[in-house]
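Engineer: The primary structure of each chain is shown beneath.
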Amino acid sequence: MTTNEKLKIIIIQELNLEEITPEEIDDEAPLFGEGLGLDSLDAVELVVQIQKHFGVEIKDMEEGRLAFRSINTLGGFIEERRAA
Amino acid sequence: MQPNERQGPERPRTWTSRSIGSRFQHEIFYRLIRIGGRRLAYFMLHPVVSYYVLCRPSVRRKTHYYLRRRFPDGKSSARWVDSYRMLLKLGQVLADRASVGILGPREMRVELSGREKLLQLLGERRGLILLLSHAGSWQVALSALGFLNLPVNLLLDREPGDIDRQYFEHAGRSCPYRVIDPQGYLGGTLEMLQVLKKGEVLCLMGDRVFGSNRSYVKIDFLGAQAPFPISAFKLASAASVPVAVLFSYKTGIDRYELKIARIIRVPENLGRSGDAFRPYVSQFAAELEAFVQEHPYQFFNFYNMWQAHPASA
Chain A
1 MTTNEKLKII
11 IIQELNLEEI
21 TPEEIDDEAP
31 LFGEGLGLDS
41 LDAVELVVQI
51 QKHFGVEIKD
61 MEEGRLAFRS
71 INTLGGFIEE
81 RRAA
Chain B
1 MQPNERQGPE
11 RPRTWTSRSI
21 GSRFQHEIFY
31 RLIRIGGRRL
41 AYFMLHPVVS
51 YYVLCRPSVR
61 RKTHYYLRRR
71 FPDGKSSARW
81 VDSYRMLLKL
91 GQVLADRASV
101 GILGPREMRV
111 ELSGREKLLQ
121 LLGERRGLIL
131 LLSHAGSWQV
141 ALSALGFLNL
151 PVNLLLDREP
161 GDIDRQYFEH
171 AGRSCPYRVI
181 DPQGYLGGTL
191 EMLQVLKKGE
201 VLCLMGDRVF
211 GSNRSYVKID
221 FLGAQAPFPI
231 SAFKLASAAS
241 VPVAVLFSYK
251 TGIDRYELKI
261 ARIIRVPENL
271 GRSGDAFRPY
281 VSQFAAELEA
291 FVQEHPYQFF
301 NFYNMWQAHP
311 ASA
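Note that the protein sequences, when read in sequence, are chains A and B. What the first sequence shows, in our numbering, is residues 1 to 84, in sequence order. What the second sequence shows, in our numbering, is residues 1 to 313, in sequence order.
Note that these hints are calculated values from the structure, not bench results. Heads up, some of the hints might be wrong.
[Unchecked claim] Here are a few chain B residues that sit away from chain A, every Cβ distance over 10 angstroms (derived from the structure):
#1 Leu-103
#2 Gln-225
#3 Lys-250
#4 Asp-254
#5 Glu-268
[Unchecked claim] Below, in silico cross-link-like pairs of lysine-lysine (DSS-like), each with a Cα-Cα straight-line distance of 27 angstroms or less:
#6 Lys-198(B) / Lys-59(A)
#7 Lys-52(A) / Lys-6(A)
#8 Lys-259(B) / Lys-198(B)
#9 Lys-197(B) / Lys-6(A)
#10 Lys-197(B) / Lys-52(A)
#11 Lys-259(B) / Lys-117(B)
#12 Lys-198(B) / Lys-52(A)
#13 Lys-250(B) / Lys-197(B)
#14 Lys-117(B) / Lys-197(B)
#15 Lys-259(B) / Lys-218(B)
#16 Lys-250(B) / Lys-198(B)
#17 Lys-117(B) / Lys-250(B)
#18 Lys-197(B) / Lys-59(A)
#19 Lys-59(A) / Lys-6(A)
[Unchecked claim] Facing chain B, a subset of chain A residues (Cβ under 8 angstroms, in silico):
#20 Gln-13
#21 Leu-15
#22 Pro-22
#23 Phe-32
#24 Asp-39
#25 Leu-41
#26 Asp-42
#27 Val-44
#28 Val-48
#29 Lys-59
#30 Asp-60
#31 Met-61
#32 Gly-64
#33 Arg-65
Note that beta-carbon positions come from the ideal geometry of N, C-alpha and C, so glycine has one too.
Turn these sequences into a full structure, and let the hints guide you.
Structural biologist: Structural data, given as structure tokens:
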């Protein structure tokens, strides 16, 4: 399973997005607002879940701003940190 | 910032942070404080507050949302008096705040009840959320936290056109705490999480809802359901930090008391649902209710907290 696929499952399960399947999540769509429709409280939960499942910590806002654009950017961020 | 980088579906804001007074009126009071100190300002508050109560029904109405709940059996004649007392107390608190800035911190004696408890929490070295409210004077509370020797951060929303000055602005000093803007990226949540993870102090208001439709739960407050924000408790859960409910209230002409009313510990991994946070938000609401029972004229939310909202958490 790729990081992006695992991420989608985590987002659906941990953020209780029951009405959506992993296949329906566009890798390039924005995670917050108009895209996947997540909000600021989801961002807090996502930070926690990424640390729990991948052991990767999003330490500051700038990292978060870059990583949280889409599934692709978040997956890339996680892989980069795990490889370091 | 792109619009879609903001929070999710926004709920129309039902409150404003703007002062009801004009810039000119504020300046008059600042001058009165410089000339004759806080007591002269207090004296002049009586005609000003009388004007607002007698001649500005819109202002009087804003006090009634709360007063009707706090004094449900009150007669309408008594409500005029209650409005007067509430607005007078607000004026005094604002004059106190300006006095501290203009004349110096010695103008006010602040006693902290629960100092050891607070230091003990900070001794855990994992950050702390101070949950404040629009009761008494939260600015006085912040001005008295210098002994913490830790960076203090405050989520502060300042609307365009807000002419109200913070106490340090009167003295031309730099802001003694770091301000996090709730209009920033993702409502400032990542910044807040970051400061908590660094072991710093984060001050939040627990009595006004801001942000998305999922950001609150409705809790019984003064006999009816009112929305209270869950963000402080969500952050506490995510960062594994305690929440200290802090009230600051006026106890005399030149005295304030800071009181740590309750320590709330929120478990980790509570998930996304607002309902999971309801027991912790309820603890805060219960403390706030106890506070307004004891200090009925020191609660300064001049909007309908109990208003029905289009969505519920």
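Engineer: The structure should be examined with respect to each hint, and the outcome stated for every one.
Structural biologist: Here's how the hints hold up against the structure:
no., hint, verdict
1, Leu-103, "holds (38 angstroms)"
2, Gln-225, "holds (21 angstroms)"
3, Lys-250, "holds (34 angstroms)"
4, Asp-254, "holds (40 angstroms)"
5, Glu-268, "violated (8 angstroms)"
6, Lys-198(B) / Lys-59(A), "holds (9 angstroms)"
7, Lys-52(A) / Lys-6(A), "holds (13 angstroms)"
8, Lys-259(B) / Lys-198(B), "holds (25 angstroms)"
9, Lys-197(B) / Lys-6(A), "holds (26 angstroms)"
10, Lys-197(B) / Lys-52(A), "holds (15 angstroms)"
11, Lys-259(B) / Lys-117(B), "holds (10 angstroms)"
12, Lys-198(B) / Lys-52(A), "holds (18 angstroms)"
13, Lys-250(B) / Lys-197(B), "violated (33 angstroms)"
14, Lys-117(B) / Lys-197(B), "holds (21 angstroms)"
15, Lys-259(B) / Lys-218(B), "holds (25 angstroms)"
16, Lys-250(B) / Lys-198(B), "violated (33 angstroms)"
17, Lys-117(B) / Lys-250(B), "holds (21 angstroms)"
18, Lys-197(B) / Lys-59(A), "holds (8 angstroms)"
19, Lys-59(A) / Lys-6(A), "holds (21 angstroms)"
20, Gln-13, "violated (10 angstroms)"
21, Leu-15, "holds (5 angstroms)"
22, Pro-22, "violated (17 angstroms)"
23, Phe-32, "holds (6 angstroms)"
24, Asp-39, "holds (3 angstroms)"
25, Leu-41, "holds (5 angstroms)"
26, Asp-42, "holds (7 angstroms)"
27, Val-44, "holds (5 angstroms)"
28, Val-48, "holds (5 angstroms)"
29, Lys-59, "holds (7 angstroms)"
30, Asp-60, "holds (5 angstroms)"
31, Met-61, "holds (5 angstroms)"
32, Gly-64, "holds (4 angstroms)"
33, Arg-65, "holds (6 angstroms)"
In terms of the numbered hints stated before, the structure departs from hints 5, 13, 16, 20 and 22, listed from lowest to highest.
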